[in-house]
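Participant: Using the sequences plus the hints, can you model the full thing?
Listed in order, the protein sequences are those of chains A and X. Numbering-wise, the first sequence is residues 1 to 96 according to my numbering. Numbering-wise, the second sequence is residues 1 to 94 according to my numbering.
If you are wondering where the hints come from, they were derived from the structure by calculation, not from laboratory data. These numbers were taken from a predicted model, which means no experiment stands behind them. A couple of the hints might just be wrong.
Said to hold, decoys possible - Straight-line Cα separation of at most 25 Å, SDA-like style, residue types lysine to any residue; simulated pairs:
#	chain 1	residue 1	chain 2	residue 2
1	X	Lys75	X	Gly47
2	X	Lys59	X	Ser71
3	A	Lys43	X	Ser71
4	X	Lys3	X	Glu44
5	A	Lys43	A	Glu70
6	A	Lys13	A	Glu23
7	A	Lys13	X	Arg19
8	X	Lys3	A	Ala4
9	X	Lys93	A	Lys13
10	X	Lys81	A	Val52
11	A	Lys43	X	Arg19
12	X	Lys84	A	Ile69
13	A	Lys3	A	Thr41
14	X	Lys59	A	Ile84
15	X	Lys84	A	Val52
16	X	Lys75	X	Glu44
17	A	Lys54	A	Arg74
18	X	Lys13	A	Glu23
19	A	Lys13	X	Thr18
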Amino acid sequence: MTKADIISEVFDKVGLPKQDAEELVEMILDLIKDTLKQGETVKLSGFGNFVVRKKNSRKGRNPKTGQEIEITPRRVVSFRPSMIFKEHVIESPKTE
Amino acid sequence: MTKAELVDKISEKKPNLTRKQVEVVVNTVLDGIKDALSREDKVEIRGFGSFRIRHRRAKEGRNPKTGEAVSVPPKKVPFFKAGKEMREMVDGKL
Numbered sequence: 001m002t003k004a005d006i007i008s009e010v011f012d013k014v015g016l017p018k019q020d021a022e023e024l025v026e027m028i029l030d031l032i033k034d035t036l037k038q039g040e041t042v043k044l045s046g047f048g049n050f051v052v053r054k055k056n057s058r059k060g061r062n063p064k065t066g067q068e069i070e071i072t073p074r075r076v077v078s079f080r081p082s083m084i085f086k087e088h089v090i091e092s093p094k095t096e
Numbered sequence: 001m002t003k004a005e006l007v008d009k010i011s012e013k014k015p016n017l018t019r020k021q022v023e024v025v026v027n028t029v030l031d032g033i034k035d036a037l038s039r040e041d042k043v044e045i046r047g048f049g050s051f052r053i054r055h056r057r058a059k060e061g062r063n064p065k066t067g068e069a070v071s072v073p074p075k076k077v078p079f080f081k082a083g084k085e086m087r088e089m090v091d092g093k094l
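Facilitator: Right under this line is the structure:
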């Protein structure tokens, strides 16, 4: 499934003009991204939380050359699915 | 930011739609992702990230209270991987 499929779904199920559906989906994704960029958590009840986590610097290795390198400290996004999401995935039997 | 705040912010920018309509759209997007994963489909959104299912093998677990061994069945868990643009944005490179 891609963004185009999500937009079609909004168009089919909500009955908004295609242009509005497209604009809204983009706005939703951009707002989530911009909020995470500020380092702020995004909590979507029934879906899950997107959290920005700080990672300290650590030693890594180039797997090809075996050379030891320093992995710089960084901020990463982690997604914690809600119980509802987890149960939804477990309970629905594979259909295809 | 919560879902309600997300809906509010978008409603402010889209005065031609009601708050309720925006809320339905947000829920449709989130439900669409949930339904895709429960069909074991994956969702790939360029610049944002991808959602897929990760399979956890069955394992021997232990009841932490009693120490009793229990078998944990295999299970599926939703997994999100941030896309390149999202990773760089959050890490302050963009």
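Participant: Next, verify each hint and record whether it holds.
Facilitator: Structure-based check of each hint:
no.: 1; hint: Lys75(X) to Gly47(X); result: 29 Å, violated
no.: 2; hint: Lys59(X) to Ser71(X); result: 6 Å, holds
no.: 3; hint: Lys43(A) to Ser71(X); result: 33 Å, violated
no.: 4; hint: Lys3(X) to Glu44(X); result: 21 Å, holds
no.: 5; hint: Lys43(A) to Glu70(A); result: 33 Å, violated
no.: 6; hint: Lys13(A) to Glu23(A); result: 16 Å, holds
no.: 7; hint: Lys13(A) to Arg19(X); result: 17 Å, holds
no.: 8; hint: Lys3(X) to Ala4(A); result: 22 Å, holds
no.: 9; hint: Lys93(X) to Lys13(A); result: 37 Å, violated
no.: 10; hint: Lys81(X) to Val52(A); result: 13 Å, holds
no.: 11; hint: Lys43(A) to Arg19(X); result: 19 Å, holds
no.: 12; hint: Lys84(X) to Ile69(A); result: 21 Å, holds
no.: 13; hint: Lys3(A) to Thr41(A); result: 23 Å, holds
no.: 14; hint: Lys59(X) to Ile84(A); result: 23 Å, holds
no.: 15; hint: Lys84(X) to Val52(A); result: 15 Å, holds
no.: 16; hint: Lys75(X) to Glu44(X); result: 22 Å, holds
no.: 17; hint: Lys54(A) to Arg74(A); result: 6 Å, holds
no.: 18; hint: Lys13(X) to Glu23(A); result: 11 Å, holds
no.: 19; hint: Lys13(A) to Thr18(X); result: 16 Å, holds
Hint check: violations occur at hints 1, 3, 5, 9; the rest are consistent with the structure.
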